[in-house]
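Generate the whole structure from the sequences, applying the supplied hints.
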Amino acid sequence: MYARIVTNDFSQQGLYDELLAQAQQEHAGAVGAIVTFTGLVRDTNADGTIDGISLEHYPGMTETALTQLAQDTMDKFALRNIGVVHRVGRLHNNEQIVWVGCCASHRKSAFDAACYLMDFLKKSVPLWKKEFAADGEYWVEVKASDEHAALAWLTPKEKD
Amino acid sequence: MYARIVTNDFSQQGLYDELLAQAQQEHAGAVGAIVTFTGLVRDTNADGTIDGISLEHYPGMTETALTQLAQDTMDKFALRNIGVVHRVGRLHNNEQIVWVGCCASHRKSAFDAACYLMDFLKKSVPLWKKEFAADGEYWVEVKASDEHAALAWLTPKEKD
Amino acid sequence: MENILVIKTFAQVREVSGEGELEFSLDAHKTIADVLLSLKAKNDKWALALDGTVICAKNQQLCTPDTPIAAGDEVAFFPPVTGG
Amino acid sequence: MENILVIKTFAQVREVSGEGELEFSLDAHKTIADVLLSLKAKNDKWALALDGTVICAKNQQLCTPDTPIAAGDEVAFFPPVTGG
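Chains as they are written, first to last, in my numbering: chain A, 1125 to 1284; chain B, 1125 to 1284; chain C, 4 to 87; chain D, 4 to 87.
There could be a bad hint or two in this list.
Some chain D residues near chain A, calculated using beta-carbon distances under 7 Å [unchecked claim]:
{"hint": "1", "residue": "Ala14"}
{"hint": "2", "residue": "Gln15"}
{"hint": "3", "residue": "Ala50"}
{"hint": "4", "residue": "Cys59"}
{"hint": "5", "residue": "Gln63"}
{"hint": "6", "residue": "Pro83"}
{"hint": "7", "residue": "Val84"}
{"hint": "8", "residue": "Thr85"}
{"hint": "9", "residue": "Gly87"}
A few chain A residues that don't get close to chain B, going by computed Cβ distances all over 12 Å [as the list claims (entries may be wrong)]:
{"hint": "10", "residue": "Val1130"}
{"hint": "11", "residue": "Gln1137"}
{"hint": "12", "residue": "Ala1154"}
{"hint": "13", "residue": "Glu1187"}
{"hint": "14", "residue": "Gln1192"}
{"hint": "15", "residue": "Gln1195"}
{"hint": "16", "residue": "Asp1196"}
{"hint": "17", "residue": "Lys1200"}
{"hint": "18", "residue": "Ala1202"}
{"hint": "19", "residue": "Arg1214"}
{"hint": "20", "residue": "Val1222"}
{"hint": "21", "residue": "Arg1231"}
{"hint": "22", "residue": "Asp1236"}
{"hint": "23", "residue": "Lys1254"}
{"hint": "24", "residue": "Ala1257"}
{"hint": "25", "residue": "Tyr1262"}
In case anyone wonders, no lab produced these hints; they're calculated from the structure. Idealized CB from N, CA, C, for every residue including glycine.
Structure representation (structure tokens):
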């Protein structure tokens, strides 16, 4: 398992190989499905064009929260392995922001786990996104659809 | 878009880069989420240990069905791009069998599309898997949970 | 090709029938179901090969047993698919 | 550290308050809520910074306003998170 906050870009192949090698070390032959998710910086938001983003984090707590979320997700979905990497700092349009990889015996667990981790990452890991628009810099606001974010955040270990 | 039947192994990075480059060519800056699925050969089935598999296909029809499924999935989920590669022939334990990549603006579409494509691939693309056990070779039978497989197969273009 | 169908089989249907590809006289056969009946009557191996759930395709498109056939068609029989 | 809390802020709370990290006298403050009240009263910038939905953490663990505090604690205030 790995859960990291990084400033530099990451390699798809590097993260995939690391994830699979760890899984095979402990569960050789039992990995049948690997799902990865990559988030990229888009060049627009609801108001128009943007010129990249900046990500702030809470050093120490962010790493702890990300590790805890990865461990919870691995346990909940009986994964063979999980890895997550999130960048911080200034990112330009089209750059990679976040990567998640989930190894499981069967594909449903791998898909469900990756979805779950991304949902909770967006609610429970102390990271904040600022967008650079032509007329200034704006912090991304939590959407109406995320109205329960604060509540989820306060109960990150609930199982369902 | 790409949809291929191959005999040789494939590269995660190579397929990812090709998928993203195609997407950026037509939708520069609009790709926010990429989900990939990789299927691997496990070393056991319900009856015990296996020593790899062999995949048979219907040359011509398999490529057509895979291309049609990829196009349908891209349309249904408004993807920015989609790619799918499936191997045929003799594969050993731990080898890569299938890879799917879905590019979308938002993560839900990318996840849903990859799940959908894999579900329908298992029902509607003419590929057959044989497992090599200690006491002989056995064709994989459609599971009870797939009892409607033939029906789904006969209506691969239904929209819901 | 005047009076001929090309029949293809895959996986269990191919192995059990012992024939992966064969030419077949169209004669009075009007539908896929007619071809299935004749093949089942051909010998025990074919009877066994076509005894489970068998999927049909005509010219590489899925079809049903009542699909009409014509000289030159490629008709395929195979079990439910198991890829992925 | 005898009578001191370390306060940290992030994102909008940091920018609007103008203070990313400060030391704060514990004095009679018994809970996170007591600290929030004092900070809001400190000046207009702090009042504005704490005027929306603010999440609290104590020693890098999420907590609620009624959480008790002690000398040496690290207390953080920040808006709902928006990573991923």
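Taking each numbered hint in turn, which are not upheld by the structure, reported in ascending numerical order?
-> Going through the list in order, the structure violates hints 3, 4, 11, 12, 20, 21 and 22 and respects the others.
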